[in-house]
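Modelling step: build the complete structure from the supplied sequences, incorporating the hints.
Note that the protein sequences, when read in sequence, are chains X and P. Going from the first sequence to our numbering is simple: count from 1 and add 1433. Going from the second sequence to our numbering is simple: count from 1 and add 1433.
Nothing false has been slipped in among the hints.
Heads up, the list lumps identical chains together, so a pair's fine if it works in one copy or across two of them.
Lysine-lysine pairs mimicking DSSO-like chemistry, simulated, CA-CA at most 30 Å apart: (1) Lys-1501 <-> Lys-1568; (2) Lys-1618 <-> Lys-1568; (3) Lys-1758 <-> Lys-1704; (4) Lys-1617 <-> Lys-1568; (5) Lys-1568 <-> Lys-1624.
By construction, these hints were calculated from the structure, which means they are not laboratory data.
Protein chains: 2
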Amino acid sequence: MERTEISTLGEFGLIDHLTQNNETNNSSTILAVGDDAAVIDHFGRQTVVTTDMLVEGIHFDLMYTPLKHLGYKSVIVNLSDIYAMNASPTQITMSMAFSNRFSIEALEEFYEGVYAACDKYGVDLIGGDTTTSQKGFIISVTAIGEVAPGKYVTRSGAKDGNLLCVTGDLGSAFLGLTLLEREKKVFLETKGVQPDLENQDYIIGRMLKPEARKDIIEFFAANEIIPTSMIDVSDGLSSEILHICKQSNLGCVLYEEKIPVNDLARQFAYKLELDPTACALSGGEDYELVFTLDPGVYDKIILNEQISVIGYMTGLAEGANILTKGGNKHIITAQGWNAFG
Amino acid sequence: MERTEISTLGEFGLIDHLTQNNETNNSSTILAVGDDAAVIDHFGRQTVVTTDMLVEGIHFDLMYTPLKHLGYKSVIVNLSDIYAMNASPTQITMSMAFSNRFSIEALEEFYEGVYAACDKYGVDLIGGDTTTSQKGFIISVTAIGEVAPGKYVTRSGAKDGNLLCVTGDLGSAFLGLTLLEREKKVFLETKGVQPDLENQDYIIGRMLKPEARKDIIEFFAANEIIPTSMIDVSDGLSSEILHICKQSNLGCVLYEEKIPVNDLARQFAYKLELDPTACALSGGEDYELVFTLDPGVYDKIILNEQISVIGYMTGLAEGANILTKGGNKHIITAQGWNAFG
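What follows is the structure, given as structure tokens:
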């Protein structure tokens, strides 16, 4: 039998390949594979569904991840996908497989984080599955949300001339991860040495206990704003912008100087001799929202300090470009974190 | 820190423990943790959601499980939970983690089975996640279904005097597994010896490629039957009956002679010196439906050869009992297959 390595396709290529002949038959299926979440019709409301799997050793390292934070984050990454559809999450299911090295107390701690996230975001835990694994801890969460008919936002609706926007700041989660990995290495190489986290609470918190942008979706609703396209930042700004460009058949111009980076994160990046812009473009796991807007809506967003306009959409022929602070123009490439890398 | 082994609670005990303080806040959450599936309200229809995780080495063995069958079965076990709520499945999400020993061709084969099940049961694949694992193949499926308001059936609605019924036949999947495990052992111990599956296509098919009882839910709808309680057979008849008894606060009488066992399976059980009744009670993975009915509905089901009346519900004080062919009365205990065992 022929054998083709999965690495030849990468994650997105693999999904495209396996689902290329996927046909949907139920009239209630409005949007299937290929966005942050799927959309199902339910008489007057629309249901949004997303799912994410987190694997120990691939997506998280229990050496520096408290189980409570892991439970919290497992929920957040799914809620973020629901918000990225301009929808409100309402329920989750939580499935887990774990080896016998986990105690009941450890799972209680994990669940404390799950419930904390559910409480904060007003989401109900409605089901799941628990089983054993041969090795490691595997978490699979499905989140369900609702949205008024036709109000959901995909990656494919951006228009030429739209503003390209992002919430919050970018790159901090990657810098937090870099710091945690560095201290793990020191700890393993020099037994007894305690980790020096340099009071970098902000970037570490962004990595270990991210939040989802519920506030932005509420702001959109309160101000009657509907983005033309939207995606959340899980793999890095470059990767997310390229998804919007590809699925909307457009190009874009991104201004490096407009990319929001937190001051503490920027200082720490310089200390590590890392480029803060590269961290924002390729870092991932920030769980901010990237979206496009009709320029006519600009007046409605200028007062929201959590939203930055970072560029604009262009025709497909122009390609996806970044204008650097030095005035140079580069093609945007996706070098985001990839579990298949 | 205190350490309590998970084995002290078992799977169901663990879920109860971790979810004992679970509160639901969304008015749309009608039924949360604790049944075959959860129920969400959606203006005029109700949405049913279930999820199951399958782990290589725990739930399946790739030495004798063709990947196409595994893909098929991964879908079926979830659809079965939706039917067990008297609902119709409409969509699934499919998440997978796999190590680099899997090729694209292997995943294509797996997906062929997924699509075959989706086609046969009229279900749409609407999303999922694919990622790498450190070891083995882990599958997590969430199924979504719909049901007319108030028509969903839980495990807790059985009444004293209700008929206890089951569909199809029981124990075959366990016998199929026993045969496959025996031949695997022979093969590993004596290299070069080809497995002797003794033309036991029926029991092997029941194990490797089960079906879900869509036909029964359609029969109920066509004949305006609503069971008072229902559950699917994943862990074995004993375990499922005890779930209904416990959640309905009732006892029951089960007649051994009424438990449906396929003739080929019975013969094979005798050959292995196994008790066919024990296989049915404790075997699991048959994905038949166990349900209770008001006796007044009996006339409507007698013509359906796929339904067997196997006993009746009693008051709680009588306990859950089986009357053997020899006329003895025993307490039913759950010795079903348990991934925590």
